[in-house]
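Asker: Following the hints, put chain B in place on chain A, whose structure we already have.
Residues per chain are reported as follows:
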Amino acid sequence: MVQTMIALGKMQLKRYNIYKSNFYLFTFNRIIEVVVYIFVWQAIYYQTGNAGGFTIEEMTTYYILVITFSSFALWGINEDMAHSIRNGQINRELLNPISYFKYYFGVNLGELAFATVVGFATFIICSFFWQLVLPVNLLDFILCIFVMILGVPITFFIQMIVGTVGFYTNSIWGMQILRKAIIQIFSGIIAPITLFPLWFQEISKWLPFKELIYTPVNIWLGNVEMNEIFFIIIKQIIWGIILYFIARIFFNHAVKNITINGG
Amino acid sequence: MPIIEVKNLVKQYKIIEKQDGLLGYFKNLIKPQYKKIIAVNNINFEIKEGELVGYIGENGAGKSTTIKMLTGLLTPTSGKIVVNGLIPNEKRIQNNKNIGAVFGQKTQLWWDLPVIESFRLIKKIFKIPENEYRKNLKRFTEILDLEDLLDKQVKNLSLGQKMRCEIAATFLHNPKIVYLDEPTIGLDVFVKENIRKFIKEINKEKKTTVILTTHDLKDIEDVCDRIILLDRGQIIYDGEKQKFKDIYGKYTLAEIIVSSKNLSVKDKLQSNVFEIIEENEKEMKIKFKHDETTIVKIMNDISEYCVIEDIHMRESELEDILKEIYKGAYKNGANNDSIRKNAIKKI
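Line by line, the protein sequences are chains A and B.
Number 116 in numbering that gives the first Met the number 0 belongs to position 117 of the first sequence; there are no gaps in the numbering.
Number 290 in numbering that gives the first Met the number 0 belongs to position 291 of the second sequence; there are no gaps in the numbering.
In case anyone wonders, no lab produced these hints; they're calculated from the structure.
Just so you know, these numbers come straight off a predicted model, no measurement behind them.
Idealized CB from N, CA, C, for every residue including glycine.
Watch out, some of these pointers could steer you wrong.
[Stated by the list, open to error] If the Cβ cut is set under 10 Å, some of the chain B residues that face chain A in the computed set are:
no., residue
1, Q32
2, L72
3, I98
4, I124
Here chain A stands alone, though its shape is the one from the complex (with noise of 0.2 Å):
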């Protein structure tokens, strides 16, 4: 089973590797990102003397970080499964001897490795112009990498329920601009949480954005206590569970009723 979702994952990636340009545009695109974020933090850096409490060294590690992750969180199988579901592919993908939640999920794995070697290219680059912060010990590193790790089935979940909103109606456009735009601010891309209103950073310490790209570079950064991670990590796999559940009955609903309407 595993066997057969690496080998859909390797599919995928290859997918990206015909068009070679995908790699250079993509990581073009997230270094800009990067330059973008960095400059309105110098900006304000330089005429208040402070950048939302982090040293400028600290803002710039965590945009650096932040956008080199933000591929995990953002990237996904939902434009392939809309795609799919649009055009009538879903009925041969449905016919595949694994479950079509297992076979997305192999799909999603070749998009994170893509995702992975863009972010790594964007890292490095990056490092050459800017100077980093780099973790105080290797606890921290493994850590930050396990917390981004657990976020993928959470990544992936949501994506498949917002995948499955394409059985309902002809465009999930919409809907992916609102996760999107979720994700962005509640998981610290737009600008570290700490900055939002006191509200916000109590509701966004309960749902499961966070923990997708915020928490796993403050990690990074050694702002978060150890008891801490603890909490976040039940929560993360609570939060798993949970959305796989509404993933799943989600999806199933959606399934049955075009079996018993006709697709």
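Answerer: Just chain B, lined up with the frame of chain A:
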């Protein structure tokens, strides 16, 4: 034991009845009116392992609906389907291991990757043993002439090349049953022949059960042993192909080129042994049965009214027979079974 068993199968769709105008649009939003359409109406059949079945009917007769139900993509409204001991819509994933399917233009090949990559993926997904995969690939490459195509990206293939690869992909995991929903649509004669040959050979070698829907009756003529004919959701013929032709179609068609004809021969000449299907100033089409009359007698009769210049004859083919059946059914405005069956018998 039959490999496919279908009993009292019914599929009913509920569709929203569209109302005209702006008012109708709002009415639909609030309280949509549903209309029921019966796509498949109480059909029964059994298919044994290794059979080559042609599943035919006009557009909208319910062929694809049946195929979708057999593959588990649609849930029957009522009735029973057992495929290989499983109920497909309940045990879809398990059932998928034993079946292969081609749906017209939809493909299981990955659009922007070379064909061979898709084949390798299928090998992984279906857990095909290495030597089996190699053997099949070699054999299929040979019959379908895929040698030069395997390294090409799917998007660069022509329709016929794509379909050949698609067919190979479908048979790669040695499925027990293969559903082919219009596999030859839009292909040229050579590719069609190639595909037919492939289906026949694999069937002979591996006893693969094949259910083929098509509008090209040459496919059926060439490949299938058995015909199931569907009309408006009901089976109107199920049996051997040869028998079908014997019962409904042992007639000969003659095209007679005539000149100096000024009157309608049809009005003048009443005969119960031959029938004039079409006529105009230069040409007449005649249908007759060999055991009732001969062409010489017919020509004799006709030559009283015009001069015969040339004549072409051919035995009726499946296509002619079906045309007659469909036409007959329509002529009677048939909506119930008995009228339609009579229409068939008349031919």
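Asker: Hint numbers the structure violates, sorted upward?
Answerer: 1
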